[in-house]
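Number of protein chains: 2
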Amino acid sequence: MTSEVISDPIDRTRFPIDPWALREIRYDPSDLGLTETLFSVANGYLGLRGNVEEGRDSYAHGTFINGFHEIWRIHHAEDAYGFAKIGQTIVNAPDAKIMRLYIDDEPLLLSVADLQRYERTLSFRDGVLVRELVWRTPSGKHVQLRSRRMVSMPERHLAVMDYEITLLDANAPVVVSCEILNRQDGQDEFHEESAAMGTGFDPRRAAQLAGRVLEPVSKWEGDGRSVLGYRVAASRMTLAVAADHSIQTTDEYEVRTQVEDDVAKHVFRIQGTMGTTTRITKVVSYHTSRVVPPLELVDRCRRTLDRAKEGGAPAIFAAQRAWLDDFWERSDVVIEGQPALQQAVRWNLFQLIQAAARAEGTGIPAKGMTGSGYDGHYFWDTETYVLPFLTYTSPSFARNALRFRYTMLEAARQRAREVNQRGALYPWRTINGEEASAYYAAGTAQYHIDADISHALSQYVAASEDRDFLAREGIDVLVETARLWADLGFWRKTDGEGSANLFHIHGVTGPDEYTAVVNDNLFTNVMARANLRAAVRSLRWLADHDADSYARVLTRLSLTEEEIEEFSRVAEALHVPYDEGLGIHPQDADFLSKELWDLPNTPPDKRPLLLHYHPLVIYRHQVLKQADVVLALYLQGDEFSLDQKRADFDYYDPLTTGDSTLSAVVQSIIAAEVGYADLAERYFHTALWVDLADLHHNTDAGVHVASLGGLWQALVAGFGGMRDYLGVWSFDPRLPADWTSLTFPLTLRGNRLRVKVEHEQITFTLETGTATSLPLVVQGRTVEVTQLCPLVVPLAPPPLLQGRPSVRDIVGAVREDGSVMQATVPAHPTTLEAEESLLS
Amino acid sequence: MTSEVISDPIDRTRFPIDPWALREIRYDPSDLGLTETLFSVANGYLGLRGNVEEGRDSYAHGTFINGFHEIWRIHHAEDAYGFAKIGQTIVNAPDAKIMRLYIDDEPLLLSVADLQRYERTLSFRDGVLVRELVWRTPSGKHVQLRSRRMVSMPERHLAVMDYEITLLDANAPVVVSCEILNRQDGQDEFHEESAAMGTGFDPRRAAQLAGRVLEPVSKWEGDGRSVLGYRVAASRMTLAVAADHSIQTTDEYEVRTQVEDDVAKHVFRIQGTMGTTTRITKVVSYHTSRVVPPLELVDRCRRTLDRAKEGGAPAIFAAQRAWLDDFWERSDVVIEGQPALQQAVRWNLFQLIQAAARAEGTGIPAKGMTGSGYDGHYFWDTETYVLPFLTYTSPSFARNALRFRYTMLEAARQRAREVNQRGALYPWRTINGEEASAYYAAGTAQYHIDADISHALSQYVAASEDRDFLAREGIDVLVETARLWADLGFWRKTDGEGSANLFHIHGVTGPDEYTAVVNDNLFTNVMARANLRAAVRSLRWLADHDADSYARVLTRLSLTEEEIEEFSRVAEALHVPYDEGLGIHPQDADFLSKELWDLPNTPPDKRPLLLHYHPLVIYRHQVLKQADVVLALYLQGDEFSLDQKRADFDYYDPLTTGDSTLSAVVQSIIAAEVGYADLAERYFHTALWVDLADLHHNTDAGVHVASLGGLWQALVAGFGGMRDYLGVWSFDPRLPADWTSLTFPLTLRGNRLRVKVEHEQITFTLETGTATSLPLVVQGRTVEVTQLCPLVVPLAPPPLLQGRPSVRDIVGAVREDGSVMQATVPAHPTTLEAEESLLS
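Heads up: the sequence lines are chains U and L, in that order. If you're matching positions, the first sequence starts at 1 in this note's numbering and goes up one per residue. If you're matching positions, the second sequence starts at 1 in this note's numbering and goes up one per residue.
What the hints contain is simulated information worked out from the structure, not anything from laboratory work. Check before you lean on any hint, since a few could be wrong.
A pair counts as met if it fits within one copy or between any two copies, since identical chains are not told apart.
Claimed, not checked - With a straight-line cut-off of 16 Å between C-alpha atoms, the simulated EDC-like cross-links for lysine to aspartate or glutamate are: (1) 606 with 418; (2) 493 with 595; (3) 219 with 260; (4) 756 with 332; (5) 219 with 262; (6) 85 with 418; (7) 493 with 572; (8) 756 with 732; (9) 309 with 223.
So here's chain U without its partners, still in its complex pose:
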């Protein structure tokens, strides 16, 4: 198959290409849910969906604070021992975005307004959402409006918004009602279509909370400032929100204020004169806590606002720009000569840092702070998909995310007890550290999260050389997760004389959620092996280099040399299933004995499968939601030869639906590595446009953070060919044929390395940092980059496979009449093609 032009899925008459911004130049209310998500602003702590200033014409209002959640009792229709008991759902916080406008007492309502001009821009450099429009009011007056909204990166608890009104051709009374509105989570429902649980359902949506969630505790108003304080009904978390209001105008005006339990209003009534520009600025602060009383949080809000007043809004905007300049300097990925891709990549990276930057003391939710999808929970997404980006570009943010897991360690120990194991078992999904997954087959059974966390932790330590974190906290995570593996599995002698005594792990679910509760899942076993080895290696390193810390660790964890030896033995005996006949790694012990799913004859309206087939039906077939073995080939790539990777990829790729957005990025990386250049690029595109083109029809519930993180990996590890095995950084690029170059920076041991990939060469520049040189491996050859000058290394051509894999006669699958299954299954379209059809 030759490379085809992959078309741009975006309507450029509405969203023109801009390499540094997402721009919308035509108002369209038909996809409000999508655009509210795409235009979100957030900083990893506070997130504001792109709802219009007016507070009307919304699909879903959203003001989310990372980790600010309500709890509720899970009522299992049939309960069993150890099932998760407490549900956790992110709370929609009081909405401080609202600035309603009235001209001649007529409200501006975009869906019906006569808009003479309209433009909305989310600038990736400024970190500001700007809306500019000209409204022809019902009485025929023209008003020019410009509003800005940002959530501060440097000031975690701060948001700023302003509104400029210019009457172009007449005088008119102007009213701007600045509000903080607590809509109550229970009533703040999604669009009917998705909320209608009666006719359909989607387990990926948030649970609906019933009754009053936020109990008002405190309210105050004065000197242009409004303050509201709340406590969450059951979780007892606390929140305060405060806003300072100011006006710049030469017109006469008066101010009316009102503060009640669920609303604080600051209403400017202006005698608007033609040609005058009036600007109203609202500076908002949110503080939340698990324990601090609301009144204390109110004080914190005051202090944040007082400090913000010092330089005023201009200083806040300037600081935002400076912060982002620094971010882009250490994180920007440049694709030469591909402006549409460049824009999409930067939007992805921008949303990624909006989800992760200030997530301090919390995880990074699956939807960031852009929606309530997945209840605001933290999954393995953070470690497997997002952490690499942070580790190699913003290591201090990676450290924060890993420290959050460390703070959850005691809860994970407790959870291990609940499921009758030693060590620690991290919850599959959680906000507060407790397991919130009510469906264990695709939840608690995904024990691999322990190994995923350990993998990210080891990678962070190797890339940052943050030995202090390792010795004081990280090592505890590595050891307790290693303990779980050693306890979870068991020894069994294989049949036959003189056979090996192997260690098996049964009854677990791997990453592929279309296969559940299996024995010896390859991904799990390979990752558990790495987990055990990492614990042993780190302990040995400590023993050799930091005897005091080592002694403290042994005491703290009641650890003995014997147990460390056991970790080693278990690791080296861990069973890695391999099928000699097919020459591939089975996804699990029984995977190859299953019936093949007949994907070519599965109609499009039955996709994704999870919404149309009972789990039992899906589970009993060879069909994948997402990369599983293929993910192992990536994460533990030094454990597999290129030929093995190729064989495995050829087998699994045609069986992979990609119904999860976690899939395409991984398929892209391995497709690139094994030589399917065209396929790698196609998978890259399906990942790149997941949110921007709403490929999974649920971006209205928030961005797909894991896919965003995976996209960076598809660029750096896939096309850039970068790998990090135990702190050895290697590069074997696979630059797409139609790209001129790909450039990205990496932060390695505190040094900034910029990598430029071209077809014939790769160039390394050591820009900042204390290292005088860094060792790297390029296509198997060790090279050294120094601070003196850029290092240019010529590249050998990468392997190139023609076409793409298809279902073959690989499992002896025959029909009842004796015909081979494969005979009726031509090279069939995977989800990729279904999605590509959307791209056209």
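On the provided structure of chain U, position chain L as indicated by the hints.
Same frame as chain U, now just chain L:
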């Protein structure tokens, strides 16, 4: 191991032995929940728990009507496609049992009353519960009280109770308040201990309904009659209850009546004189419906009561006795020389017929009408455990139960669609025909229920020769279930040259609920094969003998000769897993690769396992809740040799916890067959006393109907050695050494055959019926019993194995240090011994 005396677990100072009654001669409130269940009276439609007449001192009030249920929306904490949506819970009907007594205005309250004499008797012959006591009132007067309660077998909608009061030594005002009280199911909670879901849980208990369940629709009172009518809030079922009250006395009295929405009172105020006996009689009728308005049901109650008035209470009691005389004549099992066993066996059979007799148009709930455990649902228990008893002693009741499944066929077809299959899939648990199991792994995944129903249906048809039922209704069930199997599984060529093309069934759960969602479960495959063969055989028979019916069937079911051929091919290719190395049948494709559960080191306070271990932990081990392969060895016994049965039993018996009451009876039958005489007897005892000695600590929630039915099979098939393979009745008895004889009747093709088993011989007597002779097989030899005279056949001694099986080195299970698991596992106690310790 030599046979030991198995001790009687019953406190005979309180419950003396009586071969025809359960008697209690000392009041003891410490186990109210248990005795309320044990003294229940019911007729398969209406059931009254053994609550005291006074309506106080209750553990759980209970008035249950088979199939009378409320529905509720199942809220899955994480939903998925095809999960059950509507929960169903039996409703606690308005309580008409209450007859409160006051002497000198002092209420009789058993728990504090000064009882001079006390006796409660449930007569198996009379079908009446009688309570007699002498109460010394607080003022020192002695009153003799006698009350009776019965639910009529011949009159399905009728119950009668009376109360006799005799003042022995003084005059006193006597008040008897006869009440019908609607407590509202929601408030009618279980004892705190079990209702406290906060600290513990037990999935075997009923769901708690919230809010008002019964909406009052109608009330009326007059002429000594009270009537109440209700509609169930969500299910819209309707109920009417009516009571006639009468008094026989020579004392003066007056009557006050009161009727409100939730109570109807008929209060007798008597000027009691010493020596006079006053009798108050209450005749009660219940009618329920899915569609008929309450007022129509009120009319039906009136008609039932009017008819009951004709002969009065004496006639009702007499009819009950006559009905039961007939029942015992066709059903009694006599164990010569074992009065304690005899009593327990008769109590079991009596409760069994109380659960099944008038279950017309409904199934037989897991707890009969004696409690709300398992929500009043119907399971495979009916077909696998209860039906054989009915088929061979009361075939018309068996027909009713099977016709109920036929009426559910359309819902089962619909359910098959919901789980993406052809044919029909019966719900794992249901009242109204819809799947109510919210936990698919031990619910919907138990597809074997289809084969269980077909098995019972085929057996009924063979034993009754009810070809009419087969041709008009039964065949539809056989074909639609066969269709499910042909669609559910798939063809796969085994590895290796010239290997067979076999049919596999993946992703199902067998009877053993400690192993879930497996491939090629032996029980399922063997039973599915029988199901497919039964469909083909029945179709072929129809084609040969009833061409018209056959043609109608083909049309009705859109059935073709090709599809029938496919059923045959699938049946004969169905994979039956067998392990050559161990010489046993694996429970499923992967069972033998699992880790052994360390039962000897599982402390007693961790039993049953399901209440102390997460399902994932249980599932990944070799440990059984109940007989699985062993059940297949019984139900499809002609498919396995005696040596195979012995090898399989030896393997599985030590791994079987018996945490389900469905287990012991089956283990007993196969233990007897393979030669473990002592073990067979011990298992029989654990089944015999399940309820009477409350061995599973939950008889308070109702009797274990499946165990009751299984017990009959343990007697007839286990010790009597009777089997029925395709209508060939064979006998190979295993009479316990300390039993003199075992006698039981069987109804075969409408003829009554009485079988008397002694150690040296077996005697058959053809008592009634039209057949002049019946062919039978005794220890492999065909004999003919005729109406002329009893047939005596001498018996060869049965096989006898010493001791009992224990865990051996059967799976190569080795510890990490290389030691074999078995080395640390001596012949270990199964649940049997834990339970036996309770028996001592």
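Hints versus structure:
1. 606 with 418: Close across copies (13 Å), not inside one copy (38 Å); limit 16 Å.
2. 493 with 595: between (28 Å within a copy, 11 Å between copies)
3. 219 with 260: within (7 Å within a copy, 50 Å between copies)
4. 756 with 332: Result: close within a single copy only, 12 Å intra versus 91 Å inter.
5. 219 with 262: within (9 Å within a copy, 48 Å between copies)
6. 85 with 418: Only inside one copy: residue 85 and residue 418 sit 11 Å apart there, 29 Å across copies, limit 16 Å.
7. 493 with 572: within (15 Å within a copy, 34 Å between copies)
8. 756 with 732: within (12 Å within a copy, 85 Å between copies)
9. 309 with 223: within (13 Å within a copy, 87 Å between copies)
Hint check: no violations occur; every hint is consistent with the structure.
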